[in-house]
Every structure is written in structure tokens, then in C-alpha cells.
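**Q** Protein chains in written order, with the numbering used here: chain A, 11 to 346; chain B, 11 to 346.
Simulated from the structure, these hints should not be mistaken for laboratory data.
Take the hints with a grain of salt, since some may be wrong.
Identical copies carry no separate label here, and so any pair may be met within one copy or between two of them.
Claimed, not checked - Each computed DMTMM-like pair below joins lysine to aspartate or glutamate, with the alpha-carbon atoms no more than 25 angstroms apart:
no.: 1; residue 1: K207; residue 2: E23
no.: 2; residue 1: K296; residue 2: E224
no.: 3; residue 1: K299; residue 2: E224
no.: 4; residue 1: K55; residue 2: E224
no.: 5; residue 1: K296; residue 2: E23
no.: 6; residue 1: K225; residue 2: D213
no.: 7; residue 1: K27; residue 2: E224
no.: 8; residue 1: K27; residue 2: E256
no.: 9; residue 1: K55; residue 2: D121
no.: 10; residue 1: K133; residue 2: E113
Number of protein chains: 2
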Amino acid sequence: MSHGSPSENSILERILKRMADSTKNLSGRAAHLGIGDDAALFRPKRGHEVILTCDWFLEGTHFLREKHPPDAVGWKCLARALSDVAAMGGVPRCFLLSLAMPESHTGRWLDAFLGGLRRASRKFDCTLAGGDTTRQRKILINVTVVGEIPNARAVLRSGARAGDIIYVTGRLGEAELGLRILRSSRSPVRPSNPFLKKHLYPDPRLAVGQWLAEKRLATSMMDLSDGLSTDLPRLCVASGVGADVENEKLPVVQHPSAGRGPGVDPLQLALHGGDDYELLFTVPWKMAKDLPRSLIGVALTPIGRITERPGVKMLEGNGHERQLVAGGWDSFRNTR
Amino acid sequence: MSHGSPSENSILERILKRMADSTKNLSGRAAHLGIGDDAALFRPKRGHEVILTCDWFLEGTHFLREKHPPDAVGWKCLARALSDVAAMGGVPRCFLLSLAMPESHTGRWLDAFLGGLRRASRKFDCTLAGGDTTRQRKILINVTVVGEIPNARAVLRSGARAGDIIYVTGRLGEAELGLRILRSSRSPVRPSNPFLKKHLYPDPRLAVGQWLAEKRLATSMMDLSDGLSTDLPRLCVASGVGADVENEKLPVVQHPSAGRGPGVDPLQLALHGGDDYELLFTVPWKMAKDLPRSLIGVALTPIGRITERPGVKMLEGNGHERQLVAGGWDSFRNTR
Numbered sequence: 011m012s013h014g015s016p017s018e019n020s021i022l023e024r025i026l027k028r029m030a031d032s033t034k035n036l037s038g039r040a041a042h043l044g045i046g047d048d049a050a051l052f053r054p055k056r057g058h059e060v061i062l063t064c065d066w067f068l069e070g071t072h073f074l075r076e077k078h079p080p081d082a083v084g085w086k087c088l089a090r091a092l093s094d095v096a097a098m099g100g101v102p103r104c105f106l107l108s109l110a111m112p113e114s115h116t117g118r119w120l121d122a123f124l125g126g127l128r129r130a131s132r133k134f135d136c137t138l139a140g141g142d143t144t145r146q147r148k149i150l151i152n153v154t155v156v157g158e159i160p161n162a163r164a165v166l167r168s169g170a171r172a173g174d175i176i177y178v179t180g181r182l183g184e185a186e187l188g189l190r191i192l193r194s195s196r197s198p199v200r201p202s203n204p205f206l207k208k209h210l211y212p213d214p215r216l217a218v219g220q221w222l223a224e225k226r227l228a229t230s231m232m233d234l235s236d237g238l239s240t241d242l243p244r245l246c247v248a249s250g251v252g253a254d255v256e257n258e259k260l261p262v263v264q265h266p267s268a269g270r271g272p273g274v275d276p277l278q279l280a281l282h283g284g285d286d287y288e289l290l291f292t293v294p295w296k297m298a299k300d301l302p303r304s305l306i307g308v309a310l311t312p313i314g315r316i317t318e319r320p321g322v323k324m325l326e327g328n329g330h331e332r333q334l335v336a337g338g339w340d341s342f343r344n345t346r
Numbered sequence: 011m012s013h014g015s016p017s018e019n020s021i022l023e024r025i026l027k028r029m030a031d032s033t034k035n036l037s038g039r040a041a042h043l044g045i046g047d048d049a050a051l052f053r054p055k056r057g058h059e060v061i062l063t064c065d066w067f068l069e070g071t072h073f074l075r076e077k078h079p080p081d082a083v084g085w086k087c088l089a090r091a092l093s094d095v096a097a098m099g100g101v102p103r104c105f106l107l108s109l110a111m112p113e114s115h116t117g118r119w120l121d122a123f124l125g126g127l128r129r130a131s132r133k134f135d136c137t138l139a140g141g142d143t144t145r146q147r148k149i150l151i152n153v154t155v156v157g158e159i160p161n162a163r164a165v166l167r168s169g170a171r172a173g174d175i176i177y178v179t180g181r182l183g184e185a186e187l188g189l190r191i192l193r194s195s196r197s198p199v200r201p202s203n204p205f206l207k208k209h210l211y212p213d214p215r216l217a218v219g220q221w222l223a224e225k226r227l228a229t230s231m232m233d234l235s236d237g238l239s240t241d242l243p244r245l246c247v248a249s250g251v252g253a254d255v256e257n258e259k260l261p262v263v264q265h266p267s268a269g270r271g272p273g274v275d276p277l278q279l280a281l282h283g284g285d286d287y288e289l290l291f292t293v294p295w296k297m298a299k300d301l302p303r304s305l306i307g308v309a310l311t312p313i314g315r316i317t318e319r320p321g322v323k324m325l326e327g328n329g330h331e332r333q334l335v336a337g338g339w340d341s342f343r344n345t346r
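Chain A extracted, bound-state conformation:
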């Protein structure tokens, strides 16, 4: 027992202090409730369902202590959980932060982490409502995000029907390219290029998701966290359908050395790169013609079509077809 060491209470105090303006009154009663009480209270809007999602963000698995700036760790642990709310078409309301860390990181590292977390919390209007802290050798983070959506309006993975057009937002593979840049750099980095920024500070597609749900345009939706080749089959299985994807339509990375340097194959990045946090969704073909090419600056790109036949097929430009094999991120298969 060392008296000089910060206690759980002092970690909580630090979080409270740094996140003060992000912990507002959620229930019309005491402020900061949940931080300093047994649990948080949240009063959803009438006629709304509550959206619940939680995400691990673990040192060594999801980020590297020496490579990822603490500010980006704070931003991303919230942003990626928010992406799940975006994928339902919901509006985020509050989050719970579970944080375990070594004492050595409860000073400057924690402050920078909370800085990034606070920026994401403000930008996406998602309030810190509570959490749990403890000591660990490794930095362990778990974020639970609570959102809401009008009753029966949430877009599920299971609604895709044969003939629907498959869309993705943004560009695929950029975050993976950013991760490669980060890994090959020798020292802690600043997000000096857009790929690095996409990897470090993903921008969950909340506005697009909400728009699609509100307009009832999407029959199914999910976010691309593990790569298209892993996630599209998941959507297909949930919907009991298959898919044809046209290689040439994929919005791949635009990179000066793409296709020239070794290891930078834009198609492979687009198919198998993880962490993009773009949306994958399906739209009935009759409604697809009314869909804009972009929304609030985010491209909406048709990449193929849902089929009755199960399995995901890649249609190549030369008329060849092949089965799409999952090569995305799965922490029980890779050790990346």
C-alpha cells in the first residue's frame, strides 16, 4: 500500500475535471450523475428506442502504446463505438468509459487521452455519463455508447433483399494504409497526411446513417470495421442473401504510389483493410436512382447488388468472377 500512488478516486477526479463540460445533466436531476454515483440515469425521448453498443479498445490489440498518440486513443475509442450507432441510423446520447491503466500513465498520458476523448464527445454530442476505473499493467479501454432512435426505425443487418443495390460511404482501405504509415514510422507521429488521420481520428458516419434511417432508404446497414471481405458476408448471412461486387466500382484509396510500391494494392486495401468505419448499406434498386452521389461531403458509392444466391462474388473487369474470401480483421485469426 503506497500512499503516494493515485487512487481510483483521484483518477475519477481527473476524468471529472478534464471532462467537466462534457458531463452535463442527463436526467433533469443531479449533474455528473453516474460519475460519483452507483450508476448513471438517462431519460430517452418518448417514442424512442435505446441503442446500446460496447467496444473493446485494448493496448496491443487495437492500438500500440508507443505508436498511437494518447489523444488519438481517446478520440478513437469513442468514435468507433459511435460508428455502431451510426450503423443503426441512431443519434448518440451518452457513453460509459471503463478505463484500466498502469499508474505510470495516470498523469500526462491520461490528460492527453482525455483531451482526445473530450473533443470526440463534443463533436458528436455524446456525453460522458459514468464508468469504471482500475489499475492494470496494460491500458485497457471499454466504451459503451447509448443512443436513441424513433421506435421501429433502426436499420438492421438483416433487411437486405435480392436486387437491392449495395453502397458504401467514403473510400475503403484508407485507414489500413494509415496504419501501415504509422507502423513504419520510427517515432510518435502527428497526423500529417489524410490516411494517417483516417486511421487515428475516424469520423463515424452519423449524419449519413441518420439520414438513411429517417428517409427509410436503407433496407440494411452495418459499419465497416473489419474490412469489406469480412463485413459484407456478415450482412449477407444476417439477411439470408448473397452479393455480387464489381471490383472496378470500389472507391479505393487515391495514393501517389498506389499500385506501384510493394504492398500498396488499392483493391486489396479496399477489400481487406479494417478500421475504416464507413457505412455499408443496401437500397432497393427503384430508390437507388434518387440517392445523391454524396451527402454532407461524404461519397455514397454503389459497388454491387444483392443476390438470391448465397455467397459473395467479385466481378472483375475482364469478365472473370471469383468468390470473395474474408481477409479482414478478426482478432481471433490475426495478431496484427
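Put chain B on the given structure of chain A with help from the hints.
**A** The following block gives chain B in isolation, referenced to the frame of chain A:
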């Protein structure tokens, strides 16, 4: 990349299979939503607030892989989070399970873990709604519990007033004694005695908490997770009050060797033992006389009184007084 190793998907499938009857329709739509979709949907009752709480349960910090039966790990990770809902006076509805583990434990250990989790889920009527799984060297668990309570009825820590009578449920220190028995045993144990059972399979005081909230009897409430000497000062600080506790009134452990063997001091156990998951609450003195001595088999024991003067004082039988010094569980001070 090894093809024989279980993937995240197969872990999820195992959870789904074992918890099948605990993952019922939460929102009036698809069953199992959240497991297999981006997020879970939950429709709270009209006029109710949502209670949100999350809790770490980490190997090495909160349980020992070699000492704690996996069935008990499954039970306890949910039960202790439910205790936070009890402490608000709420009714649990569903939970999210974040689970990280080594591949070596995704077979028998996981099955036994899910067995205990399912029993707790059924007993306390709290449905698995979603979660996140990943691979780690250590077993890491984070549980988010979602409950509900009529608007403005939740009992907070901050409502204690001078003159209120301080109560606890059950007996204090039993779980700590159970932990000592567990630690001194040579092999994996079966809960053959009540102290061990209290440590391994805590029974969150949901019915008592709900009764106190419904009858508007409690001015403040919290659960005893870190020991009275740590938790009572927290309640006092939150309420801006102090407390006088009468040593002789504490419901200490009844143990054949208590007070005789070395290390088993019932008073010290009651003051500083953690993990009891009993409720600590305050009742206006005028209403205290109407409080039964026990409720649904759980003792309700007055142990002292809230004071205007800050600080927590122990009143000893011999007329002596002393300041209560926190000696309970705080993971940033202890390494237990």
C-alpha cells in the same frame, strides 16, 4: 493466421448457443438483436428512466484464474454490476458482455463461465443483449447493465441528511472471509461453506433496493463493494454530511473461530472487507421505526446516524471515539 483457431464469430456463436434462452426479444423486433448486429435495441417502459452501469472484472485484479471456478466468474461479473442497479432502486433489464480471453479458454472454461452467467441472467431476469469479444493473453471482462426505474424515483448517494439513520443489509465481512478461505485452499474449490458462497456467488439486493425506492424510505443509497470504511465516507462526501457508526451494532460475521484465530477479527472484516454487495442506505429517523428488521430474509440493521459534522466517527462500546480510516478495497492502493 491459423485456420484451426476459433474466430470471433465462433466465440459469438458459442455465447449465443449457451445463452440462447437468455437472449430474448427486447424491442419487439428481431430476437438476438445486438448479438450479430451492430448494436442492441432496448425499449424502456414509458415514464421510466434508464439506469446504466459498467464494471470491470479482470483476471488478477478481481479474480484469479486458478482459484476462482469459471462458473463463479460468470455469475459474479453480472451480479456485481447488478448490485449497482440495486443501489439505485432499479429493475435490471439487459446487459452487454465484453469478453477478451486466450484461445486456450474458449472451450471448457468458456462453457462453464457461460453456465454461471446464464444462471445469474435467469435468476435476476436480466437478458444478454449484445457485447464484444476479442483475444487476449489474460481473461478480461466488462459488463454493462441496463435497468429502469420510474422517473425521478432513483435513490442517489447524495440525499443523506443529518439525523438520518444509517442501515446496512445482511452481514458485513463475509465475502472477505470467503476470499481468505479461497486463497488458502490448495486446489479449485466448491462453495462448501456460506462465506465462500458469499464471495463467489454474491446475491445483489435488488428486491430490497426496489422496495426502498418504491416506498420512498431511503434518502440515500449505495452498494458496499469496497468495504464500509471506504464506501460510507463516499456517501457522506456526496451528501455533504458526516456519520457516527456504533461498532457494537455492526452485523459482523458469525464464525466459529472468529476473534480467536489470527487474522479473523469480525470488526475489521466488517469495516474493511470488500465484495459484500450489501446495500448501505439512510432513512429519516421518523420513518426508521417503521422499517422491518428484515425483508425477504435479508436483515436490515441500523448501524449509526448521519451527522452535520463531516467525517466518519466510530463510537466504541467503552465510550471511546475514533475517526474511521478507509481500509477497504481500492485497486489503485492495494494489489490484492
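**Q** All the hints need checking, so say for each whether the structure fits it.
**A** Structure-based check of all given hints:
1. Proximity of K207 to E23 under the C-alpha cut-off of 25 angstroms is found in neither arrangement, the shortest distances being 30 angstroms within a copy and 34 angstroms between copies.
2. In this assembly of identical chains, the alpha carbons of K296 and E224 lie at most 25 angstroms apart only when taken from the same copy (18 angstroms versus 54 angstroms across copies).
3. When the C-alpha separation of K299 and E224 is checked against a cutoff of 25 angstroms, the pair qualifies only within one copy, where the shortest distance is 18 angstroms, while the shortest distance between copies is 55 angstroms.
4. Proximity of K55 to E224 under the C-alpha cut-off of 25 angstroms is found in both arrangements, the shortest distances being 16 angstroms within a copy and 23 angstroms between copies.
5. In this assembly of identical chains, K296 and E23 lie within 25 angstroms of each other by CA distance neither inside one copy nor across copies; the values are 55 angstroms within and 36 angstroms between.
6. Taking the shortest Cα distances, K225 and D213 sit within 25 angstroms of each other inside one copy (22 angstroms), while across copies they are farther apart (47 angstroms).
7. Within a single copy, K27 and E224 get their C-alpha atoms no closer than 37 angstroms, and across copies no closer than 34 angstroms, so neither meets the 25 angstroms cut-off.
8. Proximity of K27 and E256 under a CA criterion of 25 angstroms is satisfied in neither setting, with 51 angstroms inside one chain copy and 36 angstroms between copies.
9. Taking CA atoms no more than 25 angstroms apart as the test, K55 paired with D121 passes in neither setting, with 33 angstroms inside one copy and 39 angstroms between copies.
10. Proximity of K133 to E113 under the C-alpha cut-off of 25 angstroms is found in neither arrangement, the shortest distances being 29 angstroms within a copy and 38 angstroms between copies.
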